[in-house]
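Colleague: These are the residues of each chain, in order.
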Amino acid sequence: MWPRATRSQLGGPDALRTAGGDAGATKCVKDTLATISEPATTGAEPSSAAPLLEIRSLAKSFGKTAVLRDISLQVAEGEFLTILGESGSGKTTLLRIIAGFESATSGEILMGGERLDNLPPYRRRVNTVFQHYALFPHLTVAENVGYGLKIARLPKQEVMTRVEQALDMVKMTAYAASKPAKISGGQQQRIALARALVNRPRLLLLDEPLSALDANLRRQMQVELKSLQREVGISFVFVTHDQEEAMVMSDRIALLRMGELEQVASPREIYNRPATAYTAQFIGHTNLLSGEVKDGVARCCDLSWRTGLRDGPGLFSLRPENIRLAAGAGSGSKVSFRGTILRQAFHGATELLQVQCTDGLVLSIRTASQENWNGDVDLEFSPADAVPVRASEIEERT
Amino acid sequence: MGRTLLSAAFDLDLMFSRAYRAAITAPPLLWVAVFLLVPYAILFCYSFWSVSPSQEIVHSWTLDNYRQLLQVNVYWQTLFRSMWIAARVMIFSLFLGYPLAYFLSFHARRKELLYQLVIIPLWVSYLVRAYAWKTILGSDGVLNTLLQYVHLIRHPLDFLLYSPFAVVLTLTHIYTPFAFLPIYAALEHIPRNLVEASHDLGASPFQTFWRVIFPLSIPGVVAGATFAFVLSLGDFLAPLLLGGPSGIMISNIVVSLFGAAYNWPLGAAISFCMLALVLGLLFLSESFEKKWSFR
Chain A
1 MWPRATRSQL GGPDALRTAG GDAGATKCVK DTLATISEPA TTGAEPSSAA PLLEIRSLAK
61 SFGKTAVLRD ISLQVAEGEF LTILGESGSG KTTLLRIIAG FESATSGEIL MGGERLDNLP
121 PYRRRVNTVF QHYALFPHLT VAENVGYGLK IARLPKQEVM TRVEQALDMV KMTAYAASKP
181 AKISGGQQQR IALARALVNR PRLLLLDEPL SALDANLRRQ MQVELKSLQR EVGISFVFVT
241 HDQEEAMVMS DRIALLRMGE LEQVASPREI YNRPATAYTA QFIGHTNLLS GEVKDGVARC
301 CDLSWRTGLR DGPGLFSLRP ENIRLAAGAG SGSKVSFRGT ILRQAFHGAT ELLQVQCTDG
361 LVLSIRTASQ ENWNGDVDLE FSPADAVPVR ASEIEERT
Chain B
1 MGRTLLSAAF DLDLMFSRAY RAAITAPPLL WVAVFLLVPY AILFCYSFWS VSPSQEIVHS
61 WTLDNYRQLL QVNVYWQTLF RSMWIAARVM IFSLFLGYPL AYFLSFHARR KELLYQLVII
121 PLWVSYLVRA YAWKTILGSD GVLNTLLQYV HLIRHPLDFL LYSPFAVVLT LTHIYTPFAF
181 LPIYAALEHI PRNLVEASHD LGASPFQTFW RVIFPLSIPG VVAGATFAFV LSLGDFLAPL
241 LLGGPSGIMI SNIVVSLFGA AYNWPLGAAI SFCMLALVLG LLFLSESFEK KWSFR
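Protein chains in written order, with our numbering: chain A, 1 to 398; chain B, 1 to 295.
Honestly, the hints are just simulated from the structure, not real lab data.
Zero decoy hints are in this set.
Per the computed footprint, the stretches of chain B lying under chain A, defined by three or more beta-carbons under 8 Å from a beta-carbon of chain A, are:
| id | segment |
| --- | --- |
| 1 | 185 to 198 |
| 2 | 212 to 225 |
Restraint-style ranges between C-beta atoms, simulated for each label pair:
| id | chain 1 | residue 1 | chain 2 | residue 2 | range |
| --- | --- | --- | --- | --- | --- |
| 3 | A | F62 | B | F80 | 56 to 62 Å |
| 4 | B | F10 | A | S178 | 42 to 48 Å |
| 5 | B | F294 | A | T350 | 46 to 52 Å |
| 6 | B | L113 | A | E86 | 33 to 39 Å |
| 7 | B | R192 | A | L154 | 26 to 32 Å |
| 8 | A | F62 | B | F103 | 21 to 27 Å |
| 9 | A | L119 | B | I218 | 27 to 33 Å |
| 10 | A | A368 | B | S204 | 55 to 61 Å |
| 11 | B | W31 | A | G186 | 48 to 54 Å |
Using N, Cα and C, we set each Cβ at its ideal position, and we do this for glycine too.
Construct the entire structure; sequences and hints are all you get.
Modeller: In structure tokens, the structure reads:
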């Protein structure tokens with residue numbers, strides 16, 4: 001765990017405003033910012049009114065290939081936002097545009113109400129933790145951490161104190177004099193983090209920082225990173241392709257698919273109320289039921305349940321854990337059916353069953369672990385758990 | 001039984017691998033021995049012999065040749081002049097080669113094409129390039145004619161040719177690619193995310209260059225400097241063709257000692273001093289590069 005005292009050491013958002021040279025500017029634009037109408041984004045908006053970072057209909061293409069299309073997104077003060085997507089979804093490009101390493105083809109980015117996207121990267125109060133850490137090999141760990149402070153021409157004494165505090169925060173004080181090549185990947189990771197945070201950025205960007213670590217260290221770092229973010233109160237924009245990681249750490253998840261935002265919502269919301277079939281399948285595990293809605297009743301194979309959808313084709317996401325073994329006689333409010341177990345997969349605490357219903361429909365069902373499932377079982381789910389989702393277009397747009 | 005069989009097979013295997021290794025390493029080793037070590041050994045012996053007044057090699061051991069090198073002014077002065085010329089060539093080729101390599105590595109769009117343009121001169125014979133400078137720098141040469149034509153000068157400039165200036169210029173032209181190549185290689189090896197990280201931490205391009213790019217390219221600079229210095233130091237064609245009396249270098253003296261002057265022992269002694277100098281430099285630059293590598 002990260003030691004506690006870090007908030008005061010690194011400075012939260014409050015300390016930032018007094019520490020930064022642009023404190024006055026930040027305050028006055030904050031007031032005007034509230035009057036700017038917010039473009040509609042799907043999902044829950046953070047509670048705080050004025051966003052720290054605002055991305056407005058941003059697009060990026062490399063030559064003729066569109067990498068990002070019409071991205072509008074806001075990051076609140078102190079928020080942990082994860083940009084989640086498969087490789088090639090444009091998530092790293094989006095992060096690089098925020099950092100200033102790439103420029104957008106159109107759209108704008110504002111930070112604290114001021115244009116950010118026309119500043120060179122070295123003038124942005126944003127710091128990045130790179131995927132491969134990007135530590136300077138010719139500098140010691142302490143010199144790496146102090147790099148930004150030295151560039152900012154802080155007094156030597158202050159640089160030293162802040163470097164010490166930052167190293168203490170990531171528990172790397174003992175390695176201050178080592179060169180990066182002499183420390184392990186996980187340790188380099190911590191140094192990269194300390195090097196970014198020591199500058200008290202308003203926003204920290206993290207580009208798949210945990211992807212190079214092994215599974216155990218990775219899980220541990222997820223927890224540590226999250227609690228560190230709470231301590232320092234700095235907004236994090238975290239890029240990952242790992243949906244579990246996104247769920248564990250984020251306040252909100254922005255799911256990116258083929259350069260477009262599929263859904264932006266809190267982990268719970270995005271899991272429980274996925275907006276599209278793609279979201280439902282990408283986040284967690286789900287059964288997609290494709291059926292017909294007529295007179296308020298959805299019908300999929302032999303199953304039917306009441307729904308608020310209008311008549312026409314309907315697509316529903318039904319999580320495997322929401323299908324349960326029927327306790328006894330089917331209660332009226334639930335959809336009951338009978339199925340044959342085809343396969344089972346052991347997942348530790350739970351078991352994933354493949355069940356074939358009478359009409360050939362195969363569903364995944366998550367139950368408590370038990371050896372040797374077989375034969376026929378009575379199952380049921382509540383109609384409320386069949387979440388209507390939009391179909392996701394499969395073909396690439398040109 | 002089985003065990004001995006197995007170990008016998010293992011021995012056989014080992015034998016084969018030894019024979020194979022010997023077969024692979026023998027030719028180059030033989031080559032080095034016959035064409036490098038043996039001639040050097042012979043030359044080394046020569047450097048302790050002397051020449052009789054009747055122009056015969058006297059096979060008795062003496063340190064006279066080395067003593068002459070230190071005592072006769074023309075020898076050590078020429079050696080120092082050669083080092084001074086080589087040092088200038090080194091500095092100029094670094095100042096030309098580094099910006100070129102930096103531009104090519106970090107900013108050029110058509111990298112491969114430009115790289116080839118730098119390399120192509122290396123395919124042209126050294127002699128041709130040296131002669132080219134002769135036609136450019138001569139008193140009836142391209143440069144003087146041009147300057148007279150535009151009325152910048154009335155009489156041809158005579159310091160252009162047959163001077164240390166001509167030698168430095170020609171050697172710089174010839175050895176700049178040698179300084180360029182290792183610098184370019186070092187710059188190409190710098191991970192670009194380090195540059196991004198530096199910008200990200202608030203460093204301007206200028207600060208990034210001095211704090212990240214340049215320090216990481218130093219091994220390349222040292223290698224390039226060593227190439228330019230060592231190659232220029234031993235050069236004898238450029239001073240022969242363009243140097244004139246004031247541009248003579250130590251190799252020219254060695255050539256004449258082995259030729260017209262017929263004093264092989266003294267020539268060998270001078271050669272060995274240069275060899276020691278060059279080996280010392282190579283050793284220094286190598287150990288520096290090792291100290292300055294981080295991976």
